[in-house]
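K.L.:
Sequence:
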Amino acid sequence: MPDTALKQVAASRDIVEADIVYTPIDGRRHKVFIPPMGGGVSKRTHPDQPVRVAIRNGRHAAGGFDLDRDGFALREAPSAVRNFYDEAEVEDVYYRELEALLKRETGARRVLIFDHTIRIDDGARSRELGKREPVRRAHVDYTEKSGPERVRQLAGAEADDLLSGRFAEVNVWRPITGPVNRAPLAVAEAGSLAPDDLIPTDLVYDDRVGEIYETAHNPAHRWVWFPDMSVDEVLFLKSYDSATDGRSRFTPHTAFDDPATPAGAPARESIEVRAFLFFGD
1 MPDTALKQVA
11 ASRDIVEADI
21 VYTPIDGRRH
31 KVFIPPMGGG
41 VSKRTHPDQP
51 VRVAIRNGRH
61 AAGGFDLDRD
71 GFALREAPSA
81 VRNFYDEAEV
91 EDVYYRELEA
101 LLKRETGARR
111 VLIFDHTIRI
121 DDGARSRELG
131 KREPVRRAHV
141 DYTEKSGPER
151 VRQLAGAEAD
161 DLLSGRFAEV
171 NVWRPITGPV
181 NRAPLAVAEA
191 GSLAPDDLIP
201 TDLVYDDRVG
211 EIYETAHNPA
221 HRWVWFPDMS
231 VDEVLFLKSY
241 DSATDGRSRF
251 TPHTAFDDPA
261 TPAGAPARES
271 IEVRAFLFFG
281 D
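Residue numbers (our numbering): 1 to 281.
Since the hints were derived computationally from the structure, they do not count as laboratory data.
Predicted model only: the values in this text are computed from it and were never measured.
Note that beta-carbon positions come from the ideal geometry of N, C-alpha and C, so glycine has one too.
There's no promise every hint is true.
Once the Cα atoms are required to be at most 30 Å apart in a straight line, the calculated DSBU-like pairs of lysine-lysine come out as [said to hold, decoys possible]:
| id | residue 1 | residue 2 |
| --- | --- | --- |
| 1 | Lys43 | Lys103 |
| 2 | Lys131 | Lys145 |
| 3 | Lys31 | Lys103 |
| 4 | Lys43 | Lys145 |
| 5 | Lys31 | Lys145 |
| 6 | Lys103 | Lys131 |
| 7 | Lys131 | Lys31 |
| 8 | Lys31 | Lys43 |
Computed Cβ-Cβ distance ranges for the label pairs, DEER-style [stated by the list, open to error]:
| id | residue 1 | residue 2 | range |
| --- | --- | --- | --- |
| 9 | Gly130 | Asp257 | 23 to 29 Å |
| 10 | Gly264 | Arg96 | 23 to 29 Å |
| 11 | Pro219 | Arg125 | 32 to 38 Å |
| 12 | Gly280 | Pro219 | 14 to 20 Å |
| 13 | Ala61 | Thr261 | 21 to 27 Å |
| 14 | Arg152 | Gly264 | 26 to 32 Å |
| 15 | Asp245 | Phe114 | 24 to 30 Å |
| 16 | Arg166 | Ala263 | 45 to 51 Å |
| 17 | Arg208 | Ala157 | 17 to 23 Å |
| 18 | Gly123 | Asp86 | 22 to 28 Å |
| 19 | Leu129 | Gly280 | 38 to 44 Å |
| 20 | Glu128 | Thr261 | 31 to 37 Å |
| 21 | Lys103 | Lys31 | 32 to 38 Å |
When you get a sec, could you build the whole thing from the sequences and use the hints?
P.N.:
Take a look at the structure:
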């Protein structure tokens, strides 16, 4: 089916009801133990809390979502990359494309792209290629603590100057095969989030410990997804903003299982690129 026809079918769906996996607040410091890339399943110290929620079709208002108001935005953004599994091509071609795209989208004076992750919703293939699987748990990639810490790790002697002004971390999420039917991404509107919904959680790697927010359930959350995303679309997703002036700062997101996914739908394959954006003079 042509891409335009798929988007017309997708737009006909108003709402899907599906489980979002939340994290219960239980008074403990939460930890997630991350295996090496392609090395198996993460282990955690706390249980899942799946909650059936309504997830709204964002294609009905795709142009109306704003990164600073809602925490995410969908954009058409064809890429010249021929093979997203080629690390050199991604870093040489795709990073340059996204640096220009992020500057146009946000007005940032400087964009520092620092890593990317490919995810495959197929355990055997992800292990074979040394990639990660989609995360099926509502979370935010950076916290009040770990956002500035990551800038200091990356920027060295420049860090104090860069941290003196407003800065933000934005993920750019793109399918590398499409359209995405299986394990699509859901995002929560930033305005529906309460501060107490964010649970600081340690990510324990072999060589370091990071910190993210996992998300406690709140019936006020407004979840959105963009069905049948194509390889020519990207989703901007804000995971941190130093500004405290009312704009979005932290955006929960998660893969989820759409009950309408066709039997035999191809596994989702996607790339997410992470970047710090620096504003001001």
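K.L.:
Mind checking the alpha carbons of lysine 131 and lysine 31 for me, to see if they're no more than 30 Å apart?
P.N.:
Holds: lysine 131 and lysine 31 sit about 22 Å apart, inside 30 Å.
K.L.:
Check the hint pairing lysine 31 with lysine 103 against an upper bound of 30 Å on the C-alpha distance.
P.N.:
With Cα atoms ~35 Å apart, lysine 31 and lysine 103 exceed 30 Å; violated.
K.L.:
Does the Cβ-Cβ separation between alanine 61 and threonine 261 fall within 21 to 27 Å?
P.N.:
23 Å, holds
K.L.:
State, for the Cβ atoms of arginine 166 and alanine 263, whether the hinted interval 45 to 51 Å holds or is violated.
P.N.:
Cβ of arginine 166 to Cβ of alanine 263: about 47 Å, so the range 45 to 51 Å holds.
K.L.:
Could you grab the alpha-carbon distance between lysine 43 and lysine 103 and see if it respects the 30 Å cut-off?
P.N.:
37 Å, violated
K.L.:
Can you let me know if the beta-carbon spacing of leucine 129 and glycine 280 is within 38 to 44 Å?
P.N.:
Holds - the Cβ-Cβ distance for leucine 129 and glycine 280, about 40 Å, lies within 38 to 44 Å.
K.L.:
Hint says 14 to 20 Å; check whether the CB-CB distance for glycine 280 and proline 219 agrees.
P.N.:
38 Å, violated
K.L.:
Is the Cα-Cα distance between lysine 103 and lysine 131 30 Å or less?
P.N.:
Roughly 29 Å separates the two Cα atoms, so the pair holds.
K.L.:
Could you grab the alpha-carbon distance between lysine 131 and lysine 145 and see if it respects the 30 Å cut-off?
P.N.:
27 Å, holds
K.L.:
A range of 26 to 32 Å was offered for this pair. Does it hold for the Cβ distance of arginine 152 and glycine 264?
P.N.:
At roughly 47 Å between Cβ atoms, glycine 264 and arginine 152 fall outside 26 to 32 Å, so the hint is violated.
K.L.:
For the pair we were handed, lysine 31 and lysine 145, check the Cα-Cα distance against 30 Å.
P.N.:
Satisfied, since the Cα-Cα distance of roughly 16 Å is no more than 30 Å.
K.L.:
If you check the beta carbons of glycine 130 and aspartate 257, does the distance land in 23 to 29 Å?
P.N.:
24 Å, holds
Hint check: violations occur at hints 1, 3, 10, 12, 14, 20; the rest are consistent with the structure.
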